[in-house]
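**Q** Below, each chain spelled out in residue letters.
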Amino acid sequence: MKLISNTSTVKPLIIAITAVFTFVVPCTNAATLAITNATIHTVTEQGTINNGTVIIENGKITAILSAKESEAVKADKIIDAKGKILTPGLISSMNQLGLVEVGAVSTTRDAADKKADITFDASLAFNPKSTVIPYSRKGGITRSIVSPYGGESIFKGHAFVVDLSASFDSVIAKNSAVVVALGAKSEGSRALDLQILANKLEDADKKLAKAKITAENSTTDANGAKGTKAKKGNAKKEDEPKRDEKIINDLLAGNTPLLVYADRATDLLVLIGLKKRFNLDLIIVGAADAELVSKQLASENIPVIVNAMDNLPGSFDSLHTSLTSAANLTAAGVKVILSVADTHNMYQLRFSAGNAVANGLSKEDALAAITANVADSFSLNAGRIAIGYAADLVLWSADPFELSTQVEKIWIGGKEVSTTSRHDALRDRYTTQSNMPRAYTK
Amino acid sequence: MLKQNQTNFAVKLLAITVSLTLTACLNSEVQDAKISINTNPYPSTYQPLPQQKTLIQSATVLTGTGQRIDNADVLFVDGKIQQIGQNLEIQDAVQIDGKGKWITPGIIDVHSHLGVYPSPSVESHADGNEMTSPNTSEVWAEHSVWPQDPGFQKARAGGITTLQILPGSANLFGGRGVTLRNVPSHTTQGMKFPQAPYGLKMACGENPKRVYGKKNITPSTRMGNVAGYRSAWAQASEYKRAWDKYNADYALGKNPQAPKRNLTNDTLKGVLDGDILIHNHCYKAEEMAVMIDIGKEFNYKSGTFHHGIEAYKIADLLAANGNCVAMWPDWWGFKMEAYDMVQENVAIVDAIKNSCAIVHSDSGTTIQRLNQEAGKVMYRANENGFDLKAKDAIRWITLNAAKALGVDDKTGSVELGKKADLVLWDQNPFSVYAHAEQVFIDGAKVYDRHDKAYQAISDFMLGQHTIEQGE
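Residue numbers (the numbering used here), protein chains in the order written: chain C, 1 to 442; chain V, 1 to 471.
Watch out, some of these pointers could steer you wrong.
[Stated by the list, open to error] Which stretches of chain V does chain C cover? Using the computed rule of at least three CB atoms under 8 Å from a CB of chain C, they are:
| id | stretch |
| --- | --- |
| 1 | 103-111 |
| 2 | 293-302 |
| 3 | 396-402 |
[Unchecked claim] Straight-line Cα separation of at most 27 Å, DSSO-like style, residue types lysine-lysine; simulated pairs:
| id | chain 1 | residue 1 | chain 2 | residue 2 |
| --- | --- | --- | --- | --- |
| 4 | C | Lys-115 | V | Lys-389 |
| 5 | V | Lys-410 | C | Lys-84 |
| 6 | C | Lys-295 | C | Lys-242 |
| 7 | V | Lys-260 | V | Lys-245 |
| 8 | V | Lys-389 | C | Lys-114 |
| 9 | V | Lys-335 | C | Lys-115 |
| 10 | V | Lys-335 | V | Lys-353 |
| 11 | V | Lys-214 | C | Lys-185 |
[Stated by the list, open to error] Between beta-carbon pairs, the in silico distance windows are:
| id | chain 1 | residue 1 | chain 2 | residue 2 | range |
| --- | --- | --- | --- | --- | --- |
| 12 | V | Arg-210 | C | Thr-266 | 32 to 42 Å |
| 13 | C | Glu-187 | V | Asp-32 | 49 to 59 Å |
| 14 | V | Tyr-454 | C | Ala-184 | 32 to 42 Å |
Simulated from the structure, these hints should not be mistaken for laboratory data.
None of these values were measured; they are calculated from a predicted model.
Beta carbons are placed, not taken as given, at the ideal position from N, Cα and C, and that holds for glycine.
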């Protein structure tokens, strides 16, 4: 089954890539891996390449070849995909992977802390040996945007990026976004939270402007009388921004995305206003009412992270969510990211994409919503099959979104990883005949 | 037996005081009005929606009984399935072209909290669990159901025709569940499945001991849980004996005093009498094994285990005792007792002779896709040595579910004479892309994906100007 048919754009780009290939061929000294004869869903303008080859070296994709070019492939290892579908590794988001092993076991939970504030960096607690990681690979997930719950503050901490290699260096990026939660409250008013956020940004913005003026004046002074030097030093010490201020300053500078949980259309509009005013790199999560303000979201290039299965009016903030939201938002020009927030079952991400397709999203857009769109929003060098990108790849037995399909092979950073988890060991134990107690079956 | 007892009784009484002899021996004694418990005080008022004689032609039929019939016609008349065959020619029936489409029995969810934990999930709607005592067998879920829960409509669009609404799992005995027809109604009685037995929700494990342990009352441990069940069954057994004796004595013409009515024990007695079916939230192998033995100890059927995460460890035991088990395909990790999940759980349970494996939802979201939930199990199991087909997997969400609810003589399969509870799917229902196109309950169309006239909207959603309603 053809997932993406975009052959018209493939040809001219293939020509461009031939040049790169000739560059790759001499590098036979480094360990190269070639995945040949694959139906490559690049999630780039190249679209789908039939019977193509992907060359991997040092954890990166170094070449993508058409069927014709593939005839001359040389590599240390060649894997014949036999025409099956190769996609970028899927990127899940907004879960607590590696921060929660068992939900109701408090000592295995590190995603929240009552005292957590804007500086909360849960990546320090990330456990790459969590059993959720190999299980999630069954769903073709190679990376995840992990998001903390925080505490009482509206600032929940920093989202961070991990790969699912289960190695001790799997935290790829820290401080990938500042997480804020807004909206309906059981005590108090949502207005106050919106004010807190706006005031924090406004105060920091003013302080930065003031510091800029002071800095300019100081420079003028430095050129003048000698006696001002000591004074200047003091002023600098006082002005050194505190940790939380630095974080807000990074938001204002557009260095870090602001990742906000919000659903009701009025909250989304306030956020859109803040983005315009402070030129923020804004991403909205939940976004149940997003369809009501899809034009504004599209024109301000605000990505939204939605759950494709959300169609119940769980609160008065989410009366307008439906199974067709992902499709309708995409059609309106909004960059949509699909997410399965349930940490333990983020493997279902591909089924969410399938359900979005069943409800009007194109297969191309659905694949982008779990790969390239996530990568773009969080500045990851992944999520596409393109030269220079991380070799996070999945080879599927058939259509990646179908229930009947399974992962055949999965690579993270060019290394093949297993999809076997503790669950398989338990299944095998209880389906293997033995005259001894099960505990002896290993 | 009775006659002999009567004689012995009379002889004994003669030996006792005269006054007693007078009251007990006179057959002509005036009896007070018989006290009897009305077991159906909130009767169903459900009426099928307008029905039409309907013929679906040339579809692939999964019967729910383990059969697949290709290119089949299904005729239903007056709410019942009248003919299943090929090239049926029925002049006066509504004809539906089923080419390329699939027919299954109406989907049944044995574990739902729709209506009792409805959307929106505001405090005012948190009516699903009377968390004030470990034994609240006296509460009935039907008295909490909000029939305007928009989730009922969404579930119908996913092919759900029958569902059991259960109380939550905080208590050892959570109260009675109720089985509903998934039709729109502004009363709960209007949805009640006529003649369906009541269920009694029980719960094992972490939830009861956590909820009551925190309050520093029993149970605070798993052994406390078991003591709680046993003590309740012991009391209920006495209650039953008292009523049985009252009824027997009255039948003998005596004028006994009726036992004092106890609503908690009414429900438990209903189980001991075999009228109410147990639905037991129970994850772990060792706990299910104990629950089976408690049933034997107090002489009742241990019924259906729900959320049986570890059922695969005791598949033989469950089948041998006639327990149904309702399971998720993949939920895990949210509690310690949900840590040992395997994706083939349902298939492993199903593989034993006389088993009764069920896929349930416990969710307003996945109830909309039980076909996909069952599909996931089938495909994962087939990747690991099973050879399951669509005709097998459909049973987990139809006939086996009907069996657990005690309505398998009425619904759950495409068979002659059974209720025409049917779903017409636009393709193989075990595809991620499948949609229920038309849904029938008692032969009446209750949902049509392509006809807004058959898409009900709850009072709550009406006039909310949603995009979905085209506003």
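**Q** Each hint: holds or not?
**A** For each hint, the structure was consulted:
Requiring three or more residues with a Cβ within less than 8 Å of a Cβ of chain C, the coverage given for the stretch 103-111 of chain V is violated, as only 0 such residues are present. For the stretch 293-302 of chain V, the proposed coverage by chain C is not satisfied: 0 residues have a C-beta within less than 8 Å of a C-beta in that chain, short of the threshold of three. Look at the stretch 396-402 of chain V against chain C: 0 of its residues bring a Cβ nearer than 8 Å to a Cβ of that chain, fewer than three, so the hint is violated. With a C-alpha separation of about 53 Å, the suggested pairing of Lys-115/C with Lys-389/V is violated against the 27 Å cut-off.
The suggested pairing of Lys-410/V with Lys-84/C is violated, with an alpha-carbon distance near 46 Å, which exceeds 27 Å. Restraint check for Lys-295/C and Lys-242/C: not satisfied, since their Cα atoms lie roughly 38 Å apart, outside the 27 Å limit. As the CA atoms of Lys-260/V and Lys-245/V are separated by approximately 13 Å, the hinted pair is consistent with the 27 Å bound. With a CA separation close to 50 Å, the supplied pair Lys-389/V and Lys-114/C exceeds the 27 Å bound.
Between Lys-335/V and Lys-115/C the CA atoms are separated by roughly 25 Å; this keeps the pair inside 27 Å, and the hint holds. Our distance criterion of 27 Å between C-alpha atoms is broken by Lys-335/V and Lys-353/V, whose separation comes to about 31 Å. The straight-line distance between the Cα atoms of Lys-214/V and Lys-185/C is roughly 26 Å, inside the 27 Å bound, and the hint therefore holds. Separation of Arg-210/V from Thr-266/C is about 38 Å and conforms to the stated range, judged on CB atoms against 32 to 42 Å.
The hinted window of 49 to 59 Å between Glu-187/C and Asp-32/V holds, with their beta carbons roughly 56 Å apart. A hinted range of 32 to 42 Å for the beta carbons of Tyr-454/V and Ala-184/C is consistent with their spacing of about 33 Å.
The earlier numbered hints that this structure contradicts are 1, 2, 3, 4, 5, 6, 8, 10.
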